[in-house]
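Asker: Chain by chain, the residues run as shown.
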Amino acid sequence: MERTPQQHNLVLILARAFAAQLATAVFLLDPEGTIIYYNEAAERLTGRPFIEGAGSTADEWLSRTQPRDEEGIEVGVQDLPLGTTMLKQEPAYGIVTFRTADGEDRRVETATFPLFAHTEDFVGSFSVVWPIEEDRP
Amino acid sequence: MKGRIWGSRGSIASPGEDTKRYGGNTSCIELRPPDCDVVILDAGTGIRELGVRLVREGAQRMFLLLTHLHVDHLEGLGMFEPIWRKETELHIWGPSSPVASLEQRIATYFSPPLFPVHLSEVPATIEYHDASESEWQIDGARFSSNAIIHPGPTVGYRIESKGRVLAYLTDHEPALGANLATDPPDWISGFALAHRADLLIHDCQYTPQEYEDRPGFGHSTTEHVARFAEKAEVDRLVLFHHDPMHPDDQLDAMREDVVARWGVDDDRCISAAEGAEIVV
Chain P
1 MERTPQQHNL VLILARAFAA QLATAVFLLD PEGTIIYYNE AAERLTGRPF
51 IEGAGSTADE WLSRTQPRDE EGIEVGVQDL PLGTTMLKQE PAYGIVTFRT
101 ADGEDRRVET ATFPLFAHTE DFVGSFSVVW PIEEDRP
Chain F
1001 MKGRIWGSRG SIASPGEDTK RYGGNTSCIE LRPPDCDVVI LDAGTGIREL
1051 GVRLVREGAQ RMFLLLTHLH VDHLEGLGMF EPIWRKETEL HIWGPSSPVA
1101 SLEQRIATYF SPPLFPVHLS EVPATIEYHD ASESEWQIDG ARFSSNAIIH
1151 PGPTVGYRIE SKGRVLAYLT DHEPALGANL ATDPPDWISG FALAHRADLL
1201 IHDCQYTPQE YEDRPGFGHS TTEHVARFAE KAEVDRLVLF HHDPMHPDDQ
1251 LDAMREDVVA RWGVDDDRCI SAAEGAEIVV
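Listed in order, the protein sequences are those of chains P and F.
Note that my numbering has the first sequence beginning at 1, numbered continuously upward.
Note that my numbering has the second sequence beginning at 1001, numbered continuously upward.
No wet-lab data here; the hints were simulated from the structure.
Don't take each hint at face value.
[To be verified] Okay, the calculated beta carbon distance ranges per label pair:
{"hint": "1", "chain 1": "P", "residue 1": "GLY55", "chain 2": "F", "residue 2": "GLY1152", "range": "30 to 36 Å"}
{"hint": "2", "chain 1": "F", "residue 1": "GLU1230", "chain 2": "P", "residue 2": "GLY47", "range": "31 to 37 Å"}
{"hint": "3", "chain 1": "P", "residue 1": "GLU70", "chain 2": "F", "residue 2": "GLY1263", "range": "57 to 63 Å"}
{"hint": "4", "chain 1": "P", "residue 1": "GLU90", "chain 2": "F", "residue 2": "GLY1263", "range": "46 to 52 Å"}
[To be verified] Covered stretches of chain F, going by a simulated chain P footprint (3 or more residues, C-beta under 8 Å):
{"hint": "5", "stretch": "1147–1154"}
{"hint": "6", "stretch": "1174–1180"}
{"hint": "7", "stretch": "1187–1198"}
[To be verified] For the chain F half of the interface with chain P, some residues (derived, Cβ under 10 Å), not all of them:
{"hint": "8", "residue": "SER1097"}
{"hint": "9", "residue": "PRO1098"}
{"hint": "10", "residue": "SER1132"}
{"hint": "11", "residue": "GLU1133"}
{"hint": "12", "residue": "ARG1158"}
Predicted model, so just to flag it, every value in this text is computed and none were measured.
All C-beta atoms in this analysis are idealised placements derived from N, C-alpha and C, irrespective of residue type, glycine included.
Generate the whole structure from the sequences, applying the supplied hints.
Answerer: As structure tokens, then:
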């Protein structure tokens, strides 16, 4: 019997469909922290087309974007909102500065929350990223 | 695998002159996988007549797979004769919700004031199984279920037996927020369940024109189902969950539309008709 293909959980499918309609930057990560989707607004914000970032682990993504805290100190995954959500399965909020693909630094607010399927399985993280007003074009 | 359609209508039973050929009973399909007791897909009004047949046969062990608990998929259960016999062993699969078990959810309908008798008073032995996302085996058949896009907890089923596969995805709107032609398959609701099925039974409630006012209602159009069948590479397709406002002639036209859009031979797509035999 042929093996059936793998499929994303319906909660992720709906989250992706929702994010695809938003003008706000959204990143969708699986439970291990792999980037499985980001929308056009996130592409614009980071300067990186999804095809370039798809499948990146959180660590790989961080090495490209070099996130720093308000004091300008580089932070690791565990110190970022998405790290908190990934590791503790809790919502988290923070302000970080990251480097875009064209080398610019951009300050953003980010709110991340865990996605639970109704069987209470942790299926991923939904991260909304908002450029801070003074930095917006 | 063989089976029979006992109800193919969606939303509400709609008997009458205009619906005589395809029937007016709501969703119910009987399935007979080899080496397995009878499997029933959904408990719409069509299940009443099936129940009469099963009692006559002397069937005692049976499996009911509910896709969800909207009334048109549950309303026949109270008139399903086997549950009123204490020798019946009924296993029900269906989706729980974040706040209630499958049994509690069924009891919401199966209790006063909506029904005169409470579910707990039914003489048959009933076992409830959460089918939100699972795989299981019964005798010679393998079952899998997964959540699909429809308002409220809803699942589709894939049933495999002797190398043949039937997929049942009624009440399904995979096109909601998705492009069925271009999106990767793993991002399309129901894809894994339907993938390369020998027979796919799928929602086809609307015409594309009707859908313009009904996105999010949880149903598919002729265009959606054609794209979905093509994407999932199914062999044959049965159009199901007919809109109660669609007369027989319109269902004929909708089937022709699906065949044209899918671009396959005419005999690979039929419209579900009450009483029709299914062979997988």
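Asker: Each hint should be assessed against the structure and marked as holding or not.
Answerer: Each hint, compared with the structure:
1. P:GLY55 - F:GLY1152: 30 to 36 Å: 33 Å, holds
2. F:GLU1230 - P:GLY47: 31 to 37 Å: Cβ of F:GLU1230 to Cβ of P:GLY47: about 36 Å, so the range 31 to 37 Å holds.
3. P:GLU70 - F:GLY1263: 57 to 63 Å: 58 Å, holds
4. P:GLU90 - F:GLY1263: 46 to 52 Å: 49 Å, holds
5. 1147–1154: holds (count 4)
6. 1174–1180: holds (count 3)
7. 1187–1198: Holds, because 8 residues of the stretch 1187–1198 of chain F bring their Cβ atoms closer than 8 Å to Cβ atoms of chain P.
8. SER1097: 7 Å, holds
9. PRO1098: 4 Å, holds
10. SER1132: 5 Å, holds
11. GLU1133: This interface hint holds because 6 Å falls under the 10 Å limit.
12. ARG1158: Status holds, d = 7 Å.
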